[in-house]
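Participant: In case you want the letters, here they are:
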Amino acid sequence: MTTDGTTPAGDESEASVAELVDTFENTIWPSIDRVLAGVDVRPERGVLDLIVHVPRADVVRALRMLKQGDELQFNYLRSLTAVDNEADGVDVVYHLYSIPKNINVTVKVTLPADDKVLETATTVWQAANWLERETAEMFGIRFTGHPDPRTLLMPEDMTDVFPLLKSHPFAEIELLQGELLGHERGAGGDE
Amino acid sequence: MSDGIFGVENAWLDAAIRIQLIVGLMTVVVMGLIYLERKILARFQQRLGPTRTGPAGLLQSVADALKLVGKEDLRPRNADPWTFELAPYLVFVPVFLGFVVVPFVAGWEVRVVELGLIYFVSVSSLSIIGWIMAGWGSDNRYAMIGGMRAAAQAISYELPLVLALISVAMVADSYNLEEIVQGQAATPNIVWQPLVVVVFLIAGLAELNRTPFDIPVGESEVVGGPFVEYSGIRWSFFFLAEYAALFIMSLIFAAVFLGGWAWPLGEEWGRGWQLVLVSVKAGTFMFFVFWVRASVPRLRIDQLMSFSWKILLPLMLVQVLINGAVLVYGGSLWILTIAGLVGVGVLAKLVGDAVSQPRPKVVAASAEGEVAS
Amino acid sequence: MAITPGTANATPTETTPPAVAPSVPEPFVPTRIMPTEHPSEISRLTPIAPQPGKALYRQVLPGIMQVPADLLLAASRKSSLWPMTFGLACCAIEMIATYMAHYDLDRFGIVPWPSPRQSDVMIVAGTVTKKMAPAVKLLYEQMPNPKWVISMGACATNGGPYTRYDRVLQGVDKIVPVDVYVPGCPPRPEALIDSFLALQDQIMEERSSEGRGV
Amino acid sequence: MVTETAPEFETQDLLINVGPQHPSTHGVFRMVLEVDGEVVKELVPHIGYLHRGAEKLCENNDFRQGVGYMDRTEYLAAHNAELSYVMAVEALAELEVPARAQWIRMILCELNRLSSHFMFFGAFGVDVGVFGTPFVYAWRERETLIDLFEEISGDRMMYAYFRAGGLAWEVPANFKERVHEVLKSSRQGVKDFDGLLTENEIFIARTKNVGIISAEDAIEIGMSGSSLRASGVNLDIRKTEPYLFYDQVEFDVPLGENGDVFDRYYVRLQEMEQSMRIIEQCLERLEDGPIMPEKMPRMLRLPEGQEVYIRTEAPRGEYGVYLVSKGGNKPWRLKVRSACLSNLQALRQMSVGQYVADAIIILGSIDIVLSEVDR
Chain D
1 MTTDGTTPAG DESEASVAEL VDTFENTIWP SIDRVLAGVD VRPERGVLDL
51 IVHVPRADVV RALRMLKQGD ELQFNYLRSL TAVDNEADGV DVVYHLYSIP
101 KNINVTVKVT LPADDKVLET ATTVWQAANW LERETAEMFG IRFTGHPDPR
151 TLLMPEDMTD VFPLLKSHPF AEIELLQGEL LGHERGAGGD E
Chain X
1 MSDGIFGVEN AWLDAAIRIQ LIVGLMTVVV MGLIYLERKI LARFQQRLGP
51 TRTGPAGLLQ SVADALKLVG KEDLRPRNAD PWTFELAPYL VFVPVFLGFV
101 VVPFVAGWEV RVVELGLIYF VSVSSLSIIG WIMAGWGSDN RYAMIGGMRA
151 AAQAISYELP LVLALISVAM VADSYNLEEI VQGQAATPNI VWQPLVVVVF
201 LIAGLAELNR TPFDIPVGES EVVGGPFVEY SGIRWSFFFL AEYAALFIMS
251 LIFAAVFLGG WAWPLGEEWG RGWQLVLVSV KAGTFMFFVF WVRASVPRLR
301 IDQLMSFSWK ILLPLMLVQV LINGAVLVYG GSLWILTIAG LVGVGVLAKL
351 VGDAVSQPRP KVVAASAEGE VAS
Chain E
1 MAITPGTANA TPTETTPPAV APSVPEPFVP TRIMPTEHPS EISRLTPIAP
51 QPGKALYRQV LPGIMQVPAD LLLAASRKSS LWPMTFGLAC CAIEMIATYM
101 AHYDLDRFGI VPWPSPRQSD VMIVAGTVTK KMAPAVKLLY EQMPNPKWVI
151 SMGACATNGG PYTRYDRVLQ GVDKIVPVDV YVPGCPPRPE ALIDSFLALQ
201 DQIMEERSSE GRGV
Chain G
1 MVTETAPEFE TQDLLINVGP QHPSTHGVFR MVLEVDGEVV KELVPHIGYL
51 HRGAEKLCEN NDFRQGVGYM DRTEYLAAHN AELSYVMAVE ALAELEVPAR
101 AQWIRMILCE LNRLSSHFMF FGAFGVDVGV FGTPFVYAWR ERETLIDLFE
151 EISGDRMMYA YFRAGGLAWE VPANFKERVH EVLKSSRQGV KDFDGLLTEN
201 EIFIARTKNV GIISAEDAIE IGMSGSSLRA SGVNLDIRKT EPYLFYDQVE
251 FDVPLGENGD VFDRYYVRLQ EMEQSMRIIE QCLERLEDGP IMPEKMPRML
301 RLPEGQEVYI RTEAPRGEYG VYLVSKGGNK PWRLKVRSAC LSNLQALRQM
351 SVGQYVADAI IILGSIDIVL SEVDR
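Protein chains in written order, with the working numbering: chain D, 1 to 191; chain X, 1 to 373; chain E, 1 to 214; chain G, 1 to 375.
In case anyone wonders, no lab produced these hints; they're calculated from the structure. Hints may be right or wrong, so weigh each one.
[Unchecked claim] The list that follows gives simulated cross-link-like pairs (lysine-lysine, DSSO-like), each with its CA atoms no further than 30 Å apart:
{"hint": "1", "chain 1": "X", "residue 1": "Lys349", "chain 2": "X", "residue 2": "Lys310"}
{"hint": "2", "chain 1": "G", "residue 1": "Lys239", "chain 2": "D", "residue 2": "Lys166"}
{"hint": "3", "chain 1": "G", "residue 1": "Lys326", "chain 2": "D", "residue 2": "Lys108"}
[Stated by the list, open to error] If you anchor each label on the Cβ, the simulated ranges turn out as follows:
{"hint": "4", "chain 1": "G", "residue 1": "Glu273", "chain 2": "X", "residue 2": "Arg271", "range": "57 to 63 Å"}
{"hint": "5", "chain 1": "G", "residue 1": "Glu294", "chain 2": "D", "residue 2": "Leu165", "range": "50 to 56 Å"}
{"hint": "6", "chain 1": "G", "residue 1": "Asn329", "chain 2": "D", "residue 2": "Ala37", "range": "38 to 44 Å"}
{"hint": "7", "chain 1": "D", "residue 1": "Ala113", "chain 2": "E", "residue 2": "Ile33", "range": "29 to 35 Å"}
{"hint": "8", "chain 1": "D", "residue 1": "Pro169", "chain 2": "X", "residue 2": "Arg75", "range": "42 to 48 Å"}
{"hint": "9", "chain 1": "D", "residue 1": "Gln177", "chain 2": "G", "residue 2": "Glu96", "range": "38 to 44 Å"}
{"hint": "10", "chain 1": "G", "residue 1": "Val352", "chain 2": "E", "residue 2": "Pro68", "range": "42 to 48 Å"}
[As the list claims (entries may be wrong)] The following residues of chain E were derived to be distant from chain D, with all beta-carbon distances above 12 Å:
{"hint": "11", "residue": "Val24"}
{"hint": "12", "residue": "Pro27"}
{"hint": "13", "residue": "Thr31"}
{"hint": "14", "residue": "Ile33"}
{"hint": "15", "residue": "Ser40"}
{"hint": "16", "residue": "Pro50"}
{"hint": "17", "residue": "Gln51"}
{"hint": "18", "residue": "Pro68"}
{"hint": "19", "residue": "Arg107"}
{"hint": "20", "residue": "Leu139"}
{"hint": "21", "residue": "Asn145"}
{"hint": "22", "residue": "Asn158"}
{"hint": "23", "residue": "Leu169"}
{"hint": "24", "residue": "Glu190"}
{"hint": "25", "residue": "Ile193"}
{"hint": "26", "residue": "Asp194"}
Owing to the predicted nature of the structure, the values given are computational and were not obtained by experimental measurement. We put the beta carbon where it would ideally sit given N, CA and C, even for glycine.
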């Protein structure tokens with residue numbers, strides 16, 4: 001739902017409602033809201049730059065609008081990654097930067113934990129090619145329509161292990177230094 | 001024909017003894033060269049070079065040789081057996097054949113051959129077959145590319161080398177190396193033929209596969225070229241052949257251009273002084289080769305070929321024409337010198353403007369510089 | 001030679017009748033946790049056993065001549081160790097620093113050579129990941145005998161700071177026999193020079209018959 | 001620029017594997033070249049041989065321990081990597097860094113840019129073919145810089161000197177004189193390289209108009225740093241989004257014209273002079289004061305559900321740290337934006353159609369550090 005600045009008729013006191021609904025006036029939210037008119041977008045204030053939540057269905061459409069619009073011109077994809085929030089799914093994060101306008105925005109898409117499928121962004125920026133391959137093999141996300149969906153950092157035949165997921169365990173230390181000197185495993189402070 | 005060495009009359013026995021002397025001298029000199037190169041290159045790079053093995057590192061190349069002898073002898077499984085085995089010998093032997101005509105000191109060459117220069121050039125171009133066999137035989141893509149590059153480079157730089165030696169032989173009016181050296185008692189040939197000296201240096205570097213022409217063995221591209229698959233004693237054959245070729249090329253350079261043991265006053269002061277003369281002149285060529293190796297980057301294969309065919313060869317043909325004209329119509333030899341110096345100027349200009357541009361101005365954008373996107 | 005825990009000198013002396021049977025300290029066997037191997041990886045990470053060489057020259061030379069021949073060959077091998085230019089990670093930068101003018105390994109006759117065929121020492125400088133392990137094994141096999149391995153830095157010795165990640169091999173001695181371990185992350189150039197000196201002493205010790213005998 | 005060979009004689013393309021172990025791949029990078037004669041028809045890069053999970057391991061360590069992993073991820077410019085990580089933690093924990101600490105951070109980051117560019121010149125000189133002289137020249141300067149870093153932080157490469165909130169401890173008393181000495185030797189080093197390589201005809205012949213990438217393609221592929229500025233794009237994070245005190249010192253941003261290998265080399269040479277200018281200005285404005293905020297929380301706990309993406313200008317390009325924290329003393333997710341990974345994506349486009357020898361030089365000109373590519 002697009003917050004058009006007017007506070008919804010709630011029963012909280014005027015002051016608490018005011019600072020609850022941040023109108024983002026000093027950020028670039030107004031222009032983004034105008035550019036992404038047709039998309040259901042929810043802003044959030046980040047520590048450094050504005051975060052924009054976009055629904056999964058039309059993420060590529062929104063990204064293309066952000067890139068091609070002459071008002072914002074986000075022509076530089078800084079980085080593309082994912083954050084695994086275990087229960088409530090994985091969100092894919094795009095950091096965009098506009099060289100002419102010198103402004104930044106972070107676009108986030110949340111994918112449900114059971115079916116992690118998302119449309120590829122390589123059609124918008126070529127930079128997304130390797131970044132998506134790496135995110136796919138690390139989090140198990142399938143980017144539909146990616147030109148060459150091989151693994152990037154993992155060996156070719158290991159497509160079922162996703163190391164950066166929270167569920168993936170850390171490796172145990174196979175041989176402790178102390179053991180060579182005769183102490184049993186777990187004797188010292190090895191928690 | 002000088003009489004036999006040590007008073008031996010039988011020609012065959014005499015030749016055999018001289019060849020043995022050469023082989024003995026060669027292994028000592030090559031080991032010294034390897035040690036000297038490492039020391040001089042280290043000095044260029046503000047390093048110390050080998051100092052630990054033996055006094056001041058003198059036994060370093062002895063240690064290297066012994067270690068290489070003791071290494072396991074590997075041959076890749078699907079390498080072509082005969083070409084792989086024979087390649088080192090085909091690279092090593094022609095270099096030693098070349099020593100027959102090399103004039104060390106007045107009477108000390110193995111045989112005075114009437115067409116000495118032609119013999120030397122034809123023998124030294126045999127080792128290319130060895131390189132290609134090594135490249136093909138060791139069934140390794142790097143070796144294959146290295147071998148092909150070695151062939152292309154050797155052929156394209158053989159021609160300027162031959163023409164250079166021919167034009168010097170025209171001035172000295174003989175192919176017999178001993179007569180060429182004796183003819184230079186008064187003035188060395190470098191005075192008459194400055195352009196030929198420059199072209200000989202460049203083509204010599206290319207023949208020896210030394211930087212800037214070490215494309216077949218360029219470490220950063222083809223990781224050692226045709227010698228990638230060789231190890232132990234076989235590889236040391238290639239290594240020794242390379243340094244032996246450097247030694248023989250520097251001796252020929254000293255003999256043909258700097259007057260060998262004749263100039264200055266070589267005849268009068270006897271063999272001791274001649275030996276000093278030859279070693280100093282050969283030493284300058286070797287130092288030049290080490291110096292270039294430490295400071296000049298590597299050419300690309302197409303630049304190398306176009307440089308030889310489009311610049312060196314035409315210059316040498318013109319030089320031979322001028323030599324012919326001056327020598328036949330009896331002009332004074334100083335005209336040759338002037339023509340040579342003009343040729344060197346033309347070569348420098350061709351190389352200069354073909355490559356370097358004015359110092360590139362990199363526009364330094366100040367803070368609010370507009371964005372060229 | 002890896003220290004074999006407590007086998008050589010554990011034999012009790014029979015001369016004095018022991019009041020109580022001497023409790024032979026049974027050697028402590030560390031509980032080795034099997035690494036979590038992906039099925040496709042197991043075949044790629046099988047270790048290479050060091051095979052002793054044949055030392056042909058010893059069959060040729062008569063007995064009396066073998067001792068000086070061993071000494072001469074070992075001395076020449078010791079003073080011309082050619083490592084392979086093979087840097088993996090941050091330790092490679094310290095290895096390069098050791099070749100350069102400030103520390104200059106060339107003084108010991110140590111020249112880096114690009115091809116494994118002409119090199120004697122493999123310096124594993126950096127983290128060996130499970131994707132890189134087959135390449136390390138291949139390079140080790142390509143090197144002609146007598147060959148040695150220096151495991152430089154904590155990563156190559158036992159995984160270093162990256163041990164707890166399952167894509168990292170916890171130590172290169174799991175796939176290749178290692179002769180000298182260099183501690184440090186990254187070890188200082190002096191430590192690498194010290195490891196070469198230790199390797200040289202080991203080569204001198206190995207020269208007699210029961211050594212590597214290559 | 002390569003003439004089309006006559007089609008009638010049939011040639012067979014050769015697949016060359018420039019393997020993980022190769023003198024000029026700057027580490028464990030592998031590319032498979034499909035070569036027709038000497039011309040590269042297809043280039044397939046393979047990375048991941050040094051993927052050792054620095055991001056995953058940072059999630060298991062608390063915020064103070066993450067600095068060590070940042071040093072090892074970008075081991076040629078450890079200060080710049082630490083800077084991004086430490087600024088991200090400070091942004092989340094709202095820590096106010098004292099001015100003196102910021103000035104010292106700026107000086108050390110610029111000094112590290114000098115030592116990283118010297119390493120680039122050394123490695124690039126060997127790729128082009130000079131036997132070893134550029135490497136030794138580069139290391140003569142690097143050793144003076146490394147001695148200075150060792151005096152300050154006690155370690156040659158892995159400094160761990162920047163801490164969340166400021167610096168680990170005070171710099172040595174003679175810091176200013178030492179930095180001036182080091183600058184004098186670095187200035188001499190830059191002059192040496194200018195003489196050794198820039199004027200060299202063969203160097204120019206080998207690097208001019210080789211591996212050209214246009215400004216639009218460079219932006220499209222996401223390149224950053226000197227490789228991007230060599231194509232003429234004026235994007236330097238120290239200018240566009242100033243952090244630390246970069247807005248209080250004036251310096252120029254060198255731009256190349258046609259984005260070939262020579263421009264990438266020459267832009268880095270110019271950048272080193274600018275870095276020295278910055279360091280001198282910083283030294284004048286460095287005044288005494290505390291280097292850590294007074295009320296440092298004993299156990300660094302970050303607020304719930306915050307995230308930040310900090311980017312700084314590392315020698316190889318934009319080194320970004322995306323830090324997500326869900327409370328507690330361990331980061332929930334730490335992503336390192338690697339400049340070399342994006343620059344490497346352009347390798348294929350620059351090398352196809354060139355010679356094999358050029359592909360090696362183009363790879364050298366992007367100046368990659370493999371542990372940053374594979375993290």
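Participant: Does Pro68(E) sit more than 12 Å from chain D, CB to CB?
Facilitator: Pro68(E) is indeed farther than 12 Å from all Cβ atoms of chain D, at 39 Å.
Participant: Is the nearest Cβ of chain D still more than 12 Å from the Cβ of Gln51(E)?
Facilitator: It holds; Gln51(E) is separated from chain D by about 24 Å at its closest Cβ, greater than 12 Å.
Participant: Decide, holds or violated, for the assertion that all CB atoms of chain D are farther than 12 Å from the CB of Leu169(E).
Facilitator: Given a closest Cβ separation of 10 Å, the condition is violated.
Participant: A cut-off of 12 Å on Cβ-Cβ distance, and Asn145(E) was said to be off the interface with chain D. Does that hold?
Facilitator: Label holds. Min Cβ-Cβ 29 Å, cutoff 12 Å.
Participant: Between Asn329(G) and Ala37(D), does the beta-carbon spacing fit 38 to 44 Å?
Facilitator: holds (43 Å)
Participant: So is Ile33(E) really clear of chain D, every C-beta pair being over 12 Å apart?
Facilitator: violated (5 Å)
Participant: If I take the minimum Cβ distance from Glu190(E) to any residue of chain D, is it greater than 12 Å?
Facilitator: holds (23 Å)
Participant: Falls inside 38 to 44 Å, the C-beta gap from Gln177(D) to Glu96(G)?
Facilitator: holds (41 Å)
Participant: Against chain D, does Ser40(E) keep a CB gap of more than 12 Å to every residue?
Facilitator: violated (5 Å)
Participant: With 42 to 48 Å as the target window, see if Pro169(D) and Arg75(X) comply at their CB atoms.
Facilitator: holds (47 Å)
Participant: Is Asn158(E) truly not at the interface, in the sense that its beta carbon sits beyond 12 Å from all beta carbons of chain D?
Facilitator: Contrary to the label, Asn158(E) does not stay out of reach of chain D, its closest Cβ about 7 Å off (not over 12 Å).
Participant: Please test the hint of 50 to 56 Å on the beta carbon pair from Glu294(G) and Leu165(D).
Facilitator: violated (41 Å)
Hints 2, 5, 10, 12, 13, 14, 15, 22 and 23 from the list above are not met by this structure, while the remaining hints are.
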